[in-house]
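A.B. asks: Make one complex out of these two single chains by using the hints.
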Amino acid sequence: MLKSQRHVFWEALFVTFLIFGLGVFLGVVLENLRSEKISDLYTQSELTLLDIKVQTQILNLDDLNCGEAIKKNIEFGDLIYEDVKKLEKYEKASKLTEYIVNEHKRYDLLRTLFWINSIKIKEKCGNEFQTLVFLYDYNSKDLGEKNKQEVFSRFLMEIKHLYGNEIILIPIAKDTGLLSIELLIKNYNINETSIILNEKHVFTKLDDLKELEEMLNQSQSN
Amino acid sequence: MEILPIIYLAYMFVSIYMLSFFLLIYFSNRKTIFSYPKADKNYSISFLVPAYNEEKTLADTIKHIFETGYENIKEVIIINDTSKDNTLEIAKKLAKKYSKIKILNNLKNLGKAGSLNRALKIAKGELVAVVDADSYPAKDSIKKMIGFFSDSKVGAVTCPVVVRNPKSFFARLQAIEYKVIAFSRKLLDYVDAIYVTPGPLAIYRKKALEGIGGFDANNLTEDIEATWHLTYAGWERRMCLDTMVSTTAPKKLKSWFIQRRRWNLGGLQCLYKYRKYLGKKGMLGWFIMPFFILNTFLGLVGLGIFSYLFGSRIISKFLLTKYSLLVGTPIVTFEGFYLTPSVLNYLGIVLFICGLIYTLVILSILKEKILTKENILNIPFYMTIYLMVYPFIMINAIWHAIKGKRQWR
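Chains A and B are the protein sequences, given in the same order.
The number in the working numbering is simply the position in the first sequence, starting from 1, with 45 added.
The number in the working numbering is simply the position in the second sequence, starting from 1, with 89 added.
No wet-lab data here; the hints were simulated from the structure.
No incorrect hints appear here.
Selected chain A positions facing chain B (in silico; Cβ < 8 Å):
id: 1; residue: Gln50
id: 2; residue: Arg51
id: 3; residue: Val53
id: 4; residue: Ala57
id: 5; residue: Leu58
id: 6; residue: Thr61
id: 7; residue: Phe65
id: 8; residue: Gly68
id: 9; residue: Glu76
id: 10; residue: Tyr135
id: 11; residue: Lys137
id: 12; residue: Ala138
id: 13; residue: Leu141
id: 14; residue: Leu188
id: 15; residue: Gly189
id: 16; residue: Phe200
Restraint-style ranges between C-beta atoms, simulated for each label pair:
id: 17; chain 1: A; residue 1: Lys137; chain 2: B; residue 2: Phe399; range: 14 to 22 Å
id: 18; chain 1: A; residue 1: Lys82; chain 2: B; residue 2: Lys365; range: 54 to 62 Å
id: 19; chain 1: B; residue 1: Leu476; chain 2: A; residue 2: Glu120; range: 48 to 56 Å
id: 20; chain 1: B; residue 1: Phe399; chain 2: A; residue 2: His246; range: 37 to 45 Å
id: 21; chain 1: B; residue 1: Val439; chain 2: A; residue 2: Arg51; range: 25 to 33 Å
id: 22; chain 1: B; residue 1: Gly393; chain 2: A; residue 2: Glu120; range: 45 to 53 Å
Idealized CB from N, CA, C, for every residue including glycine.
If we strip away everything but chain B, and leave its shape as in the complex, we get (with noise of 0.2 Å):
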């Protein structure tokens, strides 16, 4: 057997596997997929909010973290982190309105880790709220989401995060992907795998928060990196999957290709800072771990088998296209056409189709309408296309990660 056939076919192993994983927790979970603890107290709550460049969003993520109703919010702390436009002025303006919002006017950028670590330390809830300064938390996240809580080895508590004002075609296909992301996350919670509690919206217990020394800042993802090391520390991540946060999601290719970017490089690092870890320390080295390590290793050859066929076959064509110029044969027949499908391609085929029903399953149960006439064509988009660019992006992660580039702005 040759050793294309032997890679494809531990592909769909490992793809089998994770469908099934994540369909089995799903099937003997669907009663409470959307249920969450009330809670036992009444928790305070000091929101943090760090923000750069945000004088468009600012005003209405302050409003929308008001809007939840939470009667014990402490205080909501919006660090300015040396912004360029007017986010500072309006950060003051809405203090004014708003009796318990503090400021902290950064003298220097200290990047988003740093600025979170500063207000950390004045922050007096119990619980500390992050919430990113254009993500808006729908009214009943922190009331859904407290209730966790009550575990008194729950460390931390995140939600899905959905794209605000999905209307672009881009804007959709990412609103999917979201969606598809958030409902894999809840079926992770009920395996304590919650490798990340992402920064639109996630709720800390001041006390775990403070017993990792809060968050990395030499880590370009902070919220992959205090989760990583909250799971090491010992302490449980849960998600509610019955509310959610919006966000602002990347408008143009370029911006986003840069935000996939940041996310493979921070998850990179955590590998890297946590390697000794690896298959030890619970779910963060039995799990957590050598998941990301399969999917970046999976991607990765994934690119190197689809680059070398790709790569074979335009050589290929060029040949020929010259032997037969040369020698006056047809360059294309009808044969050429012709495809016997090999057993590969069927078990392909059922693979793609399964990863359709299981896409198409998430967005109903998530409420999503499928019928209608953009998504028909988004969701194949998104399952072929979409999904082919994450390799190309780690590539290019590795590539920074190599010549040492860490800017993400």
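Excised from the complex, chain A in its bound form (with noise of 0.2 Å):
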């Protein structure tokens, strides 16, 4: 009577690879629902990026509208601020696929152009708002690193709540293996969790951060 009912192992093996399948599918399913999601935004934040940089392009034939540039820019830096805490939401969950770390290389690249687009309108219309633009190693495993960088994003919100439009806040991980990015942040010889405020002024360490608040103020009063 016993020995017959051993079938029961290969049994429970059958329905937990049914269970099991089904869970890892949904999660599946789910992962790339978000990952769509984050695939939206990307083509409309993409479009948006497009606009502002045929208006730049505009600017370089004639010289109207400098502050209407301005505005779109500094908006749309908001927008693909607020894409992107979407998008880390996402990525801490994403645990069985690696779609949405792909929409991550696609944002740095948008905002490395958002960031050279901000530049260009610097040159045209003037220094009428400042660019602070995060470097960060999006892979990093060092807790002394990760926490560092998460003091200095949060030290980014604080400044960014505080002056508003006057400043564009540009995140942009370094170590995603972007030719590009390697590229522009050569030139300024960074190997570490870094700010540069202005494509001048590079903050690497926690306590160069007063300083870089003092700048800000200083700017501000000037």
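C.D. replies: Have a look at this one:
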């Protein structure tokens, strides 16, 4: 009687494969949905950036409406910043697939383009706004480095809340293997987590952040 | 894919397998789960009651043995294992009251297994019932258990062990645990995978016990060892779910911890002793040993991962606080509380709910009142905190094994 029931070992294995397989499948579907959502946001952002870029090109031809271009640029900065926050939330929850990592890379490229565009606008319209580029490690496993990045990020968020539209915040991962980004940051001789203010000043240490704050204060009072 | 999600998924796979395994057995046998065969003859039984400092409970244990009303009790052998209290005097008084009582007084401490082996030599019954001196067999226990011996392949029969008078919170948690263990053991009965016939009450065919040379005095859990040995020797072990033996559960955390450590150490000793049969020799090598090893491995790896994650989190929080204070940024932010659940979180929740349902189903089948004020708190506590302590005990047991500490009293 007992021996005849041993088929249950195989039946349980079959049931487990079914349930487990279904769970993993649903997990992949969920992560794909999230990835698609990010992809849609990216498409929107890409369009907006193209629009802004075209405006910048127009500025080259004509001396029209610098104010409008700056406004659009700052608005785009805010928009892309919100997108990235959502992307990071999904990234942390992405365990089975790597689609979202590629989305992150696309956003990094988009933000790099945005940075270049901001530089061009500044060249044409003057320093009406300040850019803070936050260069961080996406793949860092070091607890000290990760927490340093977290504090940098919180600091920048505070700055953004404080200065609002006078500041454009551009976080870019510097270790995603994208050549254009590597080429760009090579100019600044940067190896660690850093903030670049207005393409001139580089801040890499936690102690330096007070100096950065002072510089921003000064420029505002000027 | 990172290594941690892979480990999580492996845990989930094993958990789903075990849950499916038990549920499949239950659903295909639910009609016979409480049934027991009728005895083909009136087997004679010798009761063996090893006692060490059991002055408080011995008399009640003996009373319960005789109250089982089994007609063919050959003898009740009380083995006093150098008790330092009045156990021997109480045993003598009981012997005056019950003519079938025999007393063996060890001059030096032999331990439980040694005491049982001494009694086994003089036992005259065809069957031998081992009863701990702090445990009380139910009135119908012997009559219901004995029928399983009609099958000549059966070498041992066990029954559920329940906690006597679980009044305190801690005792109620153990009561839940004992019921889950008992029910799961009955399910394992259907695949010939019972791996222990616990000490509070187990009946053995004397011939089978003698065949394996009695109990192993070098093992801290002679009941697990004997069961493995019987399995190895080809004897079937069966369980009667329709009766019980009540026992005294540890009242304090320390004594509970020591008891569990002893169980774990005994299990490790068994694994070591029978290691060459892993993957061979029927259910012992194919299921019981891998089941033990997997449990131990998963517990230890789980604890390792938990410690790593917990440690990392603490260090991370420390660094974040330190850096935040240096820069003057907020230590806590609203975003820090926002969690986007991953698929692993969802799977974990589903698995927890399944485990909870499994526990509730067991308790309801065993006629436990679930919707009481106490159980609403006890069951979730048992499912989370109580079960989480298991790996810590295992670590401690391994440490003791390495250090060569084997004392258990």
